[in-house]
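> Below, each chain spelled out in residue letters.
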Amino acid sequence: MSSVAEALPASRRSGALHRLMRDRMGAMGAVLVAAFVAMALFAPWLAPYDPLKLDVMHKLMPPSLAHWAGTDQLGRDTLSRLIWGARTALGVAVSSIGLAGAIGIALGLVAGYGPRWLDMALVLVLDSLSSLPMIMFALAVITVLGPGKGTLILVIVLVSIPGYARLIRAQTLTLKNADFVQAERTMGAGPGRILARHILPNVVGPLVIVLSMDVPVVIMLEAGLSYLNLGVKPPEPSWGNILYDGYTSLRSQPALVIAAGVPLVLSTIGFTFLGEGLRDALDPRLKVGPR
Amino acid sequence: MTEPLLQVRDLRVAYGPVQALRGASLNARAGEVVGIVGESGCGKSTLAAALIGLPAPGATVSGEVRIGGDDLLALPEPARRRLRGERVAMIFQDPMTAFNPVLTLGDQLIDFQHRLAEPRAAKRGRARAMLARVGLPDPDLALHRYVHELSGGMRQRAAIAAALLMRPPLLVADEPTTALDVTMEAQILHLLRELRGEHQGAIVIITHHLGVVGELCDRVYVMYAGEVVEEGTVEEIYHTPRHPYTRALIACDPAHVAQGQGHLPTIPGRVPDLAAPPAGCAFAARCPLASARCATPPPRHRFGPTQVAACYAVAP
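In the order they appear, the protein sequences are chains A and H.
Following the numbering used here, the numbering of the first sequence begins with 1 at its first residue and continues without gaps.
Following the numbering used here, the numbering of the second sequence begins with 1001 at its first residue and continues without gaps.
Calculated from the structure, these hints are not laboratory results.
In this text the structure is predicted, and so the values were computed from the model without any measurement.
What you were told as hints is all true, and nothing was included just to trick you.
Computed beta-carbon distance windows for the label pairs:
(1) 1197(H) with 99(A): 50 to 60 Å
(2) 192(A) with 1071(H): 23 to 33 Å
(3) 1125(H) with 31(A): 35 to 45 Å
(4) 1193(H) with 17(A): 44 to 54 Å
Examples of chain A residues toward chain H, derived with CB under 10 Å:
(5) 181
(6) 182
(7) 189
(8) 193
(9) 202
From the three backbone atoms N, C-alpha and C, an ideal C-beta is built for every residue, glycine too.
Model the full assembly from the supplied sequences, consistent with the hints where possible.
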């Protein structure tokens, strides 16, 4: 979708960034998110130890200069596991939300712009999908397919699509009769051009905000299911199974639970603030023109 | 006499039971500016949509809209699409909503030229030239602007530039000045009058504003309740209106009312229900000259070579 990027000339993009950075919460969110993204991308270089390397002689150590966040019951370095856990968390969140967003956009545009019968059929499917209780649905799918990252992504994608598709559909419905779309038709544009060039750039903005606000939800879900041993399988580090390890040794070494909680809290705050900041910054009507 | 550029024959459009257009026929020749006047609900906008081959979804349409020989309504959608922009373009009533809010004016004007296989720079150049032509100050800057950053008058100029971009032989303007204040209206009328001279094709102006018609048009069609009740040159319609509705309309034009009179004259009664239109003359219920014969469709009387009025009472 290069049209989206093209639709935003440099002045507007930097204007939005500028406004995001002026907003204190938005800036804080952006910094936190950037930190987590860097952690995920550069985990192999940032992590002081191999996250899987056992060192039973130094198990359940409190934080020290050698192990900043202590060690777990198998003597693995908690900080390294948390850094690698960022890769797991963001990997799951970004891939599942990205996939769900893409499918949601496609379905929403088709439902909103296409013929009525198709719209009704899609809405029926989406409504029935979203009527399933999320956790029950997740447990059912995991029972059938077995736990693992792939299953986790599949569940999140399936659960998220209806919301995104509905958002896009609703906006497409209002836009398809807008004067500027009509104007485009009078200039001989077909449905493909109208959708890609004119409706899509108008509807992705709100979706981007919703997507960024959903990232923490997915991170929590991944951690939650991993905590229940239904998500990422140990020994692969995930904030959820680190939290679980901490829970089992809460009495002997509370540092582990606390350490696992910190990135969960910070990433949730970061993505939420960023989402809210983006919402304000991306609204083109709030912009003062380049005079 | 040359073949008219636009020929509309017995155009009927219905939205369910509501018959918005009940057999309108009109034509426009190259180089001619044709006005279509009537009050709200007389089918003007429906006519405008039909002229570009874009009737509202769900509308039942019959009749012919020929533009340069091709019947727009008989063509399949892809062929119709090709004619739009190329042979017919439209100037919209509200230029604020006629542009995509997330695209710059330049991007949008380039996009309007999507039929042309030319480099982007050439399209940008054409867009710039057209903006300069319609009198937008600093067209280079305007290309980078979003629509909401332009003033109302600039927007309407840009909308006119957009419609002229592909140099279509037929230009349809739907209430081109309604959304503007008086000063802007005068400027836009001035611009349209200028363009009139250069434009090789025909311009159809749809409006409820008699002043606009008087300023710009060569010929006028007066519409009432989905029908053309009178047609003629501007002079004929203004100075010797024949149909009682046309007379009443001109009597109600604020420009014709003597100052200090204190109130505006109105036409008593209401527009007939188009879900159950009367069998005869639609204006009969409000007409001072109405009689029993008006219950059957009135004849179309000719008054000279150009003026036609559909009324029993005004036989020449």
